[in-house]
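Engineer: These protein sequence lines map, in sequence, to chains A and B. Residue numbering for the first sequence is 13 to 265, as defined by our numbering. Residue numbering for the second sequence is 9 to 289, as defined by our numbering.
Keep in mind that the hints were calculated from the coordinates and are not lab data.
Estimated spans, in silico, between C-beta atoms of each pair:
(1) I136(B) x A177(A): 45 to 51 Å
(2) R38(B) x S143(A): 25 to 31 Å
(3) K81(A) x I125(B): 36 to 42 Å
(4) G30(A) x I125(B): 28 to 34 Å
(5) K126(A) x I136(B): 54 to 60 Å
(6) D138(A) x D278(B): 25 to 31 Å
(7) D35(B) x E130(A): 40 to 46 Å
(8) V184(B) x E249(A): 42 to 48 Å
(9) P128(B) x A122(A): 46 to 52 Å
(10) P239(A) x R120(B): 47 to 53 Å
(11) A177(A) x A108(B): 37 to 43 Å
(12) T182(A) x R196(B): 32 to 38 Å
Predicted model only: the values in this text are computed from it and were never measured. For glycine and all other residues, C-beta sits at the position ideal for the given N, C-alpha and C.
Residues per chain, in single letters:
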Amino acid sequence: MPHIEIRDVSLIYDTPSGSVPGVQGVSFSIEPSEFLCIVGPSGCGKSTLLNIIAGFLMPTGGEIRIGGKIITGHGMDRGVVFQDFAQLFPWRTALANVTFGLEMKGISKAEREKIALEQLRLVKLDKFVRSYPHHLSGGMQQRVAIARALAYNPSVLLMDEPFAALDALTRDEMQRLLADVWRETKKTVIYVTHNVAEAVYLADRVVVMTPHPGTVKTEIPIRLARPRDPLSVEFLEHQKELLRHLGGEAGKA
Amino acid sequence: MTLRDAVTAETARADVALATPARGIGDRLRSAALTAYPFVVVGAMWEIVAHLGIFPPRLFPTLEEVAATFVRLTVMGILPHHALETLARLSAGFALAAVAGVVIGIAMGRSRRAEDIFLPLVSIIAPIPGIAYAPLFLLWFGLGNFATVLLVGFASSFAVIINTWTGVKAVKEIWVRSAQSMGADNRRLFRLVILPGALPYIFTGLRLGMAQAWRILVVVEMLAGVQWGLGWMIFGAREFLNTDVMLAGVAVIGIIGLVLEKHVFQRLEDYTVVRWGMMEQ
Ligand SMILES: Nc1ncnc2c1ncn2[C@@H]1O[C@H](COP(=O)(O)OP(=O)(O)O)[C@@H](O)[C@H]1O
Ligand SMILES: [Mg+2]
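Take the sequences, apply the hints, and build the full model.
Structural biologist: Below is the structure:
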């Protein structure tokens, strides 16, 4: 049984100037521990879709099942990481940000600090546990956000372009780190990006979306051995194939 | 210049000086100079006018005389007594405004219904000078401390309400979503996210509320028939043309304001929103 099933999901935004489609008739499913990337041009509805899966938005059509159960809102079975560095709570240290979910679960202070420390070690930030977010670089803040989303042990990790605002070098480093984290934790990951190389580097399978109003154009499995070499011929072949499906505009992005 | 103007001018001047804190690490000296600068300038001008003898010395005493009176009244215990009474009323009124203001402001920020109820009221009442309500409050609640504290609290709550409300509205949606996805219920969302998230604005509201409380308290003390208090002392001194006493009172108000700003508000901010990078030094 797939871990997550997305069936014919649509969402229409009600705006003062009329209704705007967010996504249209999206269907696909994700296996347990699969790393799935959603790729599509800007404005096609990737964030909308991810927010629906996270439970922040209710679809106007269709349904989403996680572990067979229809979701009706946000839940602790899903961890979410956004693109915006500002997602961390500035008034909490890195450690206290990571313990937040555990606190909500009612886990004792000693226990949750132990778990949070492990998570911060996983993202290689154990030296910065007592730092406040504004003292951390963008890449470090995103690593805290990943640790925070993993700490309360959700089975699904939802990520919306978490590295898009980072410089290229840091982004490469973060992608390697995320691949390692995924290999160790074996979460089911849905990862939104408009960066084709990123998708080929990370994903088991890539869902390609059409331009706005977005729907699924095609699905492409990436069967390359890990860790992947972005300079290998096969890697570049996959990248080209994705770009072909995306058409001109996203290819240039 | 009337006495009332003198009082407001004095507090306004103090506000200006306080609004420009230069607390860079290592340049404490520069910071001290900046703080002292307006006092030195006004003091020097005052001395010149006083010594020129344009006004009768009784109405325009030199700073030496004012300082002597200040010391004499302090030693006699009169000035501290007045100051303590005023501080007690200020604290009570301000506490009222802080608690009510933060609660109402947060309710308005979080609940559409509360916003619909309070916003029209606040926007009508807030621009009216608080002192205009003084006769009403004194009629309703009688002369004395009760009416004074109530009026101070009432008049200074609006700055707190409006800023808290703005602050809650400015809490980042992404914080709320993050907290919700991590399982925060409404109560904990409020305590662990909304409240700290709105803190920079709440502090601004409290600062403005405190300034408002000062302004109104000094005037109301004269009207409310209380026996002690800096406002009462200043206005009472007019009867006997004791300009030096008035000025000593004004000085105490300035000093207390300065201490509150430097040692209460700024410290609170340094320890919280500044440390968290939510507000510039
Ligand atoms: N809150 C909103 N209200 C109205 N329209 C929106 C809202 N959010 C997104 N949209 C519209 O929905 C479409 C998809 O947006 P989004 O999901 O953010 O795309 P992506 O993440 O792929 O860039 C866009 O056309 C956008 O203008
Ligand atoms: Mg997006």
